[in-house]
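These protein sequence lines map, in sequence, to chains L and G.
Note that this note's numbering numbers the first sequence so that position 215 is 215, with each residue one more than the last.
Offset between the second sequence (1-based) and this note's numbering: plus 309.
By construction, these hints were calculated from the structure, which means they are not laboratory data.
Any given hint could turn out to be false.
[Said to hold, decoys possible] 27 Å max Cα-Cα, derived DSS-like pairs, lysine-lysine: (1) L:Lys82 <-> L:Lys70; (2) L:Lys70 <-> G:Lys337; (3) L:Lys214 <-> L:Lys124; (4) L:Lys214 <-> L:Lys3; (5) L:Lys124 <-> G:Lys513.
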Amino acid sequence: MAKYIVRRLLWTPVLLLLVGFITYILGYYGPGDPVEVLLDQYQDPVVVERIREQRGLDRPVIVQYGIYIKNAVQGDLGESFKYRGQPVGALLGQRIWVSSQLGLAALLIGFLLGIPLGLLAALKQGRWQDTAVISGTLLFYSLPVFITAPFLLVVFVLWLGILPSQGWGGFFDPRIVMPALILGIPGVAVIARMSRNSIVEVLAQDYVRTARAKGLPEYLVYWRHVLRNAMIPVATLLGLSLATLVTGAFITETMFGIPGVGRLAIESFFARDYPVITALTLIIAAAYVLANLLVDVVYKFLDPRVKYD
Amino acid sequence: MLTEPTEVMPRSRSLWLEAGRQLLRSKKGMTCLVIILLLYGAGMFAPIVAPYHYDEQNWDQTLQSPSLDHPLGTDRLGRDMLSRIIYGIRTTVIITIAAMVAGGLLLGIALGLISGYFSRWVDSAIMRVGEVFLAFPDILLVILIAATLKPRVLDFARNLEASTGIGGIVQSGVADYLVVFGALAIVSWVGMARVVRGQVFSIKQNQYVLAARALGASHFRIIARHIFPNLLPQVVVMVSIGMGSIAGAEVALSWLGIGVQPPVPSLGLMIFENGSIAILRSTPYLVFFPVITVAIIIFAFNLLGDALNDALNPKAR
């Protein structure tokens, strides 16, 4: 176990270095010259050369990446090309805060709808409610944003007329409802399916039969014995979804005009703002990898039967 | 139904026959299969099936509601929506099949087989590379690869036009297809490789593999004769589900404007162009028909995967 964690911890920085390097290389060989983007129409060859030299852009790409990583480790992620003079770190900070509010709302929707649906399906195992929940969630799970969005827009904006079609005002602003639903619905599907299977499995355990045999009221059987044990694997999903608090959502945020990480990524991509893209990729990848690691470790503690090689 | 004694029939044959029968009996599976065949057929034979050309503008008939002449209406340039959707499906068909064959089937299976069969450092190396790919956020890697590839592929196409004298390669959008396909293929091997590797690990433990090795069979023979055929059931399921997600990614790319460029129609671009609230209010069919088409494609592949899984992996139920 200890060996496993140490190996994972040693691999994680290497993994992130590779992820960063691939992004850097793609940016380097991608279209557009950052210095030309920076200088816009004012392109004096002498100035171009000087800036190139100043920023180390005349060195081999691997050296450039080395310099980038050295600065990044010291907390300096460079300066955005698009937002002149803004350090990438500060820019990302604001965006992550927005995305994490949206992510939290989506997470709440996922768990508050998913667990009851899973419980319903497990209670009515094999009956139509079960089938409805399972195939319904499969339908919703597989649908991308740009398909659910038009339906929500029609319902909330055109029929009910209670929401504007886009915008952002923080966690307690009603405009969060549609994007949070869009991001939360796939989660509902995963959580409902997982809860259902987990509850069905626990229901077959001896200790549940014992609890019933000793005359415990049914709601207590569920509360104390079934749900408590069945929720362990579901809880690991919570850990995995923690990463989504940082990562944002590319298309949803772009579509609803939410100033989060995802929209920043798309904007930076179109503006060829490579310092921002590289930093974003690194941060999102780090969040994802660390959440994964955390879940694996916690899972091991919760369920000692799990073995890793 | 009587269960036949397994010793009598060769296993591989009875498994597929049995699975075929099972699939034929499954309403869910057959419905999805028929839908997919219809849509893919329409897409492949778009020039024959579509009533109009995708770029045929008719300024007397702009923004018409669905009618007999134009079953799905016309857009603001008077182009027939049904034809545009059929040509849009063609884009999705080409990209999903090409990316699945190159990324999932060739790269994914080959790397998964090598990884699972030879284990040790080969396995570690391949799986670590896979982890790097998986660590990339969502479709960002696809976007970055597409953006980097694009100018190069376009340059190449222009050079080709100049040197061979064949015109219209850039215009035809072939280069765009190549870019999107390449980006998706590079990313889509990981999932398949991981599943194949896991399967190979468990198949390798079987006595018949040991027996083959004892008889002096080469690695290639063991992989080709004893391991590969046993992988296929899982691979078929993965292909069905993978096609759905590649279709989703293709639509997402063209939604973002990085995919196939206009005037060649793509479902993602149609959804993007007509996704504004003003259009939803006045002419909602412009967005809902493409949206429903994409939804059906993705949903059918997923459900078919489910049905195939029931048919091919009876133990998993």
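Now the hints, each set against the structure:
1. L:Lys82 <-> L:Lys70: holds (23 Å)
2. L:Lys70 <-> G:Lys337: Answer violated: L:Lys70 to G:Lys337 is near 56 Å, above 27 Å.
3. L:Lys214 <-> L:Lys124: holds (23 Å)
4. L:Lys214 <-> L:Lys3: Given pair L:Lys214, L:Lys3 is violated - Cα atoms ~44 Å apart, limit 27 Å.
5. L:Lys124 <-> G:Lys513: Violated, because 40 Å separates the two Cα atoms, which is more than 27 Å.
Checked against the numbered hints given earlier, this structure breaks hints 2, 4 and 5; the rest are met.
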